[in-house]
Each structure stands twice: as C-alpha cells, then as structure tokens.
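Participant: Respectively, the protein sequence lines represent chains A and B. When we follow the numbering used here, the leftmost residue of the first sequence carries the number 10, and every step to the right adds one. When we follow the numbering used here, the leftmost residue of the second sequence carries the number 869, and every step to the right adds one.
Careful: at least some of the hints might be erroneous.
What the hints assert, rightly or not - Derived coverage of chain A by chain B (criterion: at least 3 residues anywhere in the stretch with Cβ under 8 Å from a Cβ of chain B; other residues may be distant):
hint	region
1	45 to 59
2	173 to 179
3	496 to 503
Unchecked claim - Cross-link-like lysine-lysine pairs, in silico, BS3-like; alpha carbons within 25 Å at most:
hint	chain 1	residue 1	chain 2	residue 2
4	A	K311	A	K182
5	A	K398	B	K881
6	B	K958	A	K398
Hints listed in this document are in silico derivations from the structure and should not be mistaken for laboratory results. Even for Gly, the Cβ is constructed at its ideal location relative to N, Cα and C.
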Amino acid sequence: MADTTVQVEAGSSLPRLLIVGLTTVALFYVSFYLYQLNQPLFGAILLAIATGFAVIFGANRFYGARFIFPGVAAVLTFIAFPVAYTIYIGFTNYSSFNLLTYDRTLEVLTARGAIDPSTEQPFAVAQDGNSYRIWLPDSGLLSAPVDLASEQTVLVEPGEQPETLLARRDAIKLREGLGLLTLETPDGGLIKNAGLRTFATVTPDFVQTGDDELTRSDGTILTANHQTGFFEDENGDQVPPGWRVNIGTDNFERVFQSAGIREPMVSVFVWTFAFATLSVVLTFAVGLTLAVILQWPHLRFKPLYRILLILPYAVPAFISILVFRGLFNQNFGEINLILNALFGVEPNWFSNGALARTMLVIVNTWLGYPYMMLLAMGFLQAVPEDHKKAAALEGAGALRVFFTITLPQILPPFLPLLIASFAFNFNNLVLVFLLTRGLPDIPGTVIPAGETDILASFTYRLAFDNAGQQFGLAGAITLLIFVVVAAISYANFVAMRRAAARRGGQS
Amino acid sequence: MIVERPRDLLIKKCMAHGFMIVFLALILFPFFMVLSISFREGNFSVGSIIPENPTLEHWVLALGFDYNRADGTVVEPPYPVLLWMWNSIKIGLIAGLGVLALSTISAYAFSRIRIRGKAAMLDGLFLIQMFPTTLALVAIYAIFDALGEVNPILGLNSHVALVLIYLSGVTLHIWTIKGYFDSIDTALDKAAAIDGATPWQTFRHIFLPLAVPIMSVVFVLSFIGFINDYPIASVLIRSESQMTLAVGSRLYLNEFRYLWGDFAAAAVLSGLPITVVFLFAQRYLVSGLSDGAVKG
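Whole structure, please, built from the sequences with the hints as guidance.
Facilitator: This is the structure in structure tokens:
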C-alpha cells in the first residue's frame, strides 16, 4: 500500500481564519440587530466581544491569549458589567414609577383613551380573500377590505351582511390587528375597537402635539421634564408613568440626608458588621475546638464523628435554613415545645428583634462551623509535634500549649480564609432571606428596613420586595456596599500575599 | 500530653466522647425532627420523635402523586417538587460543565503560557471574585428584563439567562485549578514541546488527563453551588414551572399556606442526593480551597 500520509502544514491558518471571520461577521450582525432594536448598550458589548474575538483568534501573536479569552470575557460580561451597570443605576431614578424608556412612555400615554359608551356597537369580521371586512350589524355598515397588519383608517359604507362571518373565537385571534384599525363612518366620525365585542368612539387621553409635548383631552399642555422623567403640566403635576432619567447624586443625597432612610441604614450597617464578625468568631471557635478534639490521638471513632459533624455543611443550605424556620416557629415549632417543657418559656423568635438576631447567629454558626473545622484540621496537621512536646516538658498545660504554640502557628495561614468568610457573611443574603426576610421591621422608617436585615437583604427588599421597586436607590446603596467589600477584598489580598510569602520562606 | 496516667486518660476519653455525643445530639436534632415530621399526619401537628400514626401522605405528595386519605378525600400535590429538582439538576449540569471548560482552559494558560499582564489579570480575578454576583442583582434584573424584549429566551423566567449568569462563577475555580497545574512538573511540557506539540496539544493530551481529579472536584463544587443558589434564581425566575428547587422550597412555608409536613418530605427527598454527592466530594474540597487560596 502506498504511503498516503500527507505532511500537514503546521502553519496553515486558512481554515481557522475562515471560521474566525465567519463567526465575527455573525456576531457583528447580531450586535447591529441589537442596536436597531434600541439596545445600543448590549450591541456595544457584543461588538466589543466580537472585536476581541477577531483580534485574538485572528492574529498569531495572541496565541496565548486565546486560552484565557473565554474565561476573561465571561468574567467581564457577567460580573464586571453588571457591577458597573448597578453603579450606573444608582445614578438614575429607575423604579416602579420610572420603569419605561421615554419612547415606551409616549406609546403608553398616547394609547390611552376614553370610550364613549353611547356609541358602542357590536361588530363581526368577515373573511374576504386574504383580507377582512368589518361588519357593524347595528348600523348596517360594511368596511372596505383591510389586511389588519398595520395601523390604518378605512371607510365603512352601508352594505349587505356578508354571507359568512368569522366565529367569535377566530375574530378574537385578530384582536391585535383590530386594535390598530380606525373606521371612518359615512358621517365622518371615527370609531375604534373598544374591547373584544364592540367598536365605539374613542377619545385619546393624550395627543402628541410636538417634541416633548402632549395635549391632554381637556386641553392642558404637558411637557416632558427630562430632569424628573415625567410629563408635567404648568403646575408641575406629574402624569404617571414616568421614564428612566439620570438624576445625578440624588439617591446618595437621600441616603445621607433623609433621616427616615439614614437612621435605619446606620442600624442595618452596624448589625451587618456585628453579624459578620459574630459569625466568623463563633464558627471559628466551635470549628477549631472540634478539630482539636478530633486530632487527639487517643480518641476512637474519629471518621464517624467527622462525617456526622460535617453533615450541616453537606445539606443544601436553602433546605436547612427553611427547616430552622419551621423549628423556631413560635406556636408549633419543635424548639419552643422543648423549651416550654424544660423551662416553661415560649420565646417569639420572629417578632422580637434581639431574639431574631440571636436566632440568626445560632443558625449561621450551625451552618458554618464544619467548614472551619475541616480547614482547622488541615492546618493543625502542619503544626510540628516537637514544639508541643517541648512546651509540655517545660510544664505547660494543654490549654497553655494550645494558646502559645498551636494558635499562633495556624492563625496566619487561616487569616485569608477568615477574611473571605467575613466577606461571605457580610453578604449572606440567603440566610437572612430564607430565615427572617429581615423582619421584624424597625418601626417608623420611610423605607422597609428590618432588625435582622443586613445590607444585602436590605437592598434586595428595596429593589424586589415592595411596591416601590426602588432600583435606583438600591443601586446607590449597593455602591456603598461595594466600597466596604472592596476594602475587605483588599485586606484579604494582602493577607494572602503574606501567607504565601511566609510559606515560600519556610520551604 | 506525652506521658499520661491511665486513670486520667480514661476520664479524659470519657469526657471527650461525652462531649462529642451531646454536641452531635444538638447538631443533628433538626435532621431527626425533619425525618419525623415528614411521616406525621397533617401539616401543623406536633408530637413525639417517633410519630404515633405514621403516614406516607407527605412522601406520596412529594413524589408527585395524588394521595387517597382513609376517609376518601383525595389530596393533590401542592407543588411540582420533582420538576423543580429536574430544573435544578439540568441548570446545575449545564452551567457546571460550562464553568469547568472555561476555568480549566484559563487555568492552564495562567499556569503555563507566557502572556503579557498575566500577574495583574490574576490579581484582578482574585479581587473580582470577592464581589458576589448577588450584589449586582439589580443590574442583572434590568439587563435580562431588557434582553427579554429582544428575545424571550434570553429574558426573565428563562433557564438560559440563569446559566449565562452562572458562568461568571469561574474566578475561584481558575485559581483552584491553576494551583493544581502549578504543582505539575514542567519537565512534562518541555518534553512535549521538544516533540513538537503546540500549547493546545500539550493541554489536550497531557494536562487534561492529569487534571481529571481536580476537574471532578471543581465540577461537583460548582454544581452544588448552582443548585444551592437562591438570590439570582429568585430574581430571574418567576413562574412556578420554571423554578429551581431553592426558589420553590420557600413556597412551602408561606405564612398563609404553611405546609410543614409536605415541606419536610420534600426537603428530605431533594436534600438527600445532594448531601450524598457532597459527602463524597468534601475530602477534595478542603484541600482545593486552602491550596488554591494560599498558593500565590
């Protein structure tokens, strides 16, 4: 058999360039499409991704960068961009009152109209080839054929009832096209579709009479105020709905200057720090104690103890938190049953602020100690046995050995993980949300804020929980959280570097 | 500590075991309660740890079947637990695989390929990793609300949107896998390079097979992380049929419809498989976490 092996030219890059080129063109097309659909921001992001893709996969110089491009692009698009966008929202009035874009607001307002009930008359639709005719039986009028595809006005004239009319069910399917239709009666009146069964004279509430100007049916002229995002009459009365506008630092001023917001926020802020600190200290203390006991060479059944002790960590948190929510229930929760049997007390865990906070810390310690225990077991093994023996020979007790020899040796490598745990608990939204929802509420506040709310859950409730949907304000508060997290993050970074340097120095 | 008298040692042992048993009883109390509650009658009942009139009602309902009570009434399952479980597993698998692919390839490059600005990029990833996605919830909501107007598949209430956002969870895993790659002898890649392998071939044929253990750990970890996610899923998913387990479970303990017994059965049913998977993976998890975080 002839040798058919063909030496593949290693540098042949034509197929690759072809694929890269086609993908890039496709991405460019999609981003242009997004731009046309009034989503310039997303269009721009996709354009940036497409350009990066073309450059890095097209040019041979960037061979190495090809490996990290997907990961870095994912991080930039799904973490960095949302973070930046959150900060941007903090400078807008985005909320349930200012939900739409300007164009959509105009559409919504001009589509509103008052139906004159005295002119209401039933209608039916007849098929006429590819188009339709509208039949108004009360006045015996029949429209010219219409395709019901776009906004249009057609004449209706006296005519005969068409032989076959569409069933009501089929006519309802056409309601979108019917909504765009205006019929002109022989006397010059205009009637529009006014519900599923009738046509009637509809007076629009607002007519656009110029750029940024609407005229209301009572003659009032409304102008668009792009500072507040509302149409306003000359008295400054606003007509909802509004649209999203940039309002500068108003949200931040509200946070710092309105007492109704600032006071609960300070309380939430202090509690967030207390909660995160308590959680770290308690989980660390419990976890380390257990790890030390488990390290004791004379203890039997170690593997069994270990697996049972980490069970709280292994069960999905959303399940165990909800279990605790049930167990702590005041009237039929098992914890109160036992407390009642033993001490005759039935604490109301969910309506008393201090108790609710205690409950939160108890549950979080339960959830978090196994992680600390597992880490501590690893670090404890690295402490040389000789040091402990030497100290014991000098006459130091077990406790003294622990605090003077063991603890100082495991703390430095532990520090970055403790800081990370602090950052995690600082934003432990899941726990607060599933256990207490932040309740009980702090009395007398302008915005919803609870005694057990941490900053993250407080923002979540501002944005998603209550009628206000104050996305703008939530964005502003998130920026404040970012600052704190950035500080923690930097501290962790430094601690990690130090730990790495120490390890490097030792080995 | 070194020389112990036998009697002291015995007392110490008893104390240690006694402490462990009391502590474990406290810690494991919720698990026993949930198991017991799932077999009790009704949704409010209180009783002893071993139920007096054990019933399978909550379990039958949790598995999605109608339950015929003795008095002839038929109870329908309150929520589609199995569907939620399937949603969670589906999303977790797809996002987990995506994260695995992204982070392994990036980790290889960060460990072995010379790229300008690599150290800065790694530091950047570490810092970004500290910002949980939950902080950008408002933006995530706004972004997918807007994208949904372009195409509903990318909008709110869509699993695609959820998977896309979960892909951002690669940062920590890049660090973990990079730590593992750093520990592999560089002689291996030099040998491959001498034989004429491109970096991609070195990755595909040498590093990928070696990385299977750490990759399985990263996969299991991210899978469990996605199944446990509540904040992002609760913001993006609204309709009952699209919910994940984490979002749906909350409905059971609504103040107006408090289904304690049904919840207990559903919790055991859905929690058990995840717990077992986690217990298998936890051994690797801790070494991965502490190594990945400390190796600079």
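Participant: So, against the hints stated earlier in the document, which numbers end up violated here?
Facilitator: 2, 4 and 6
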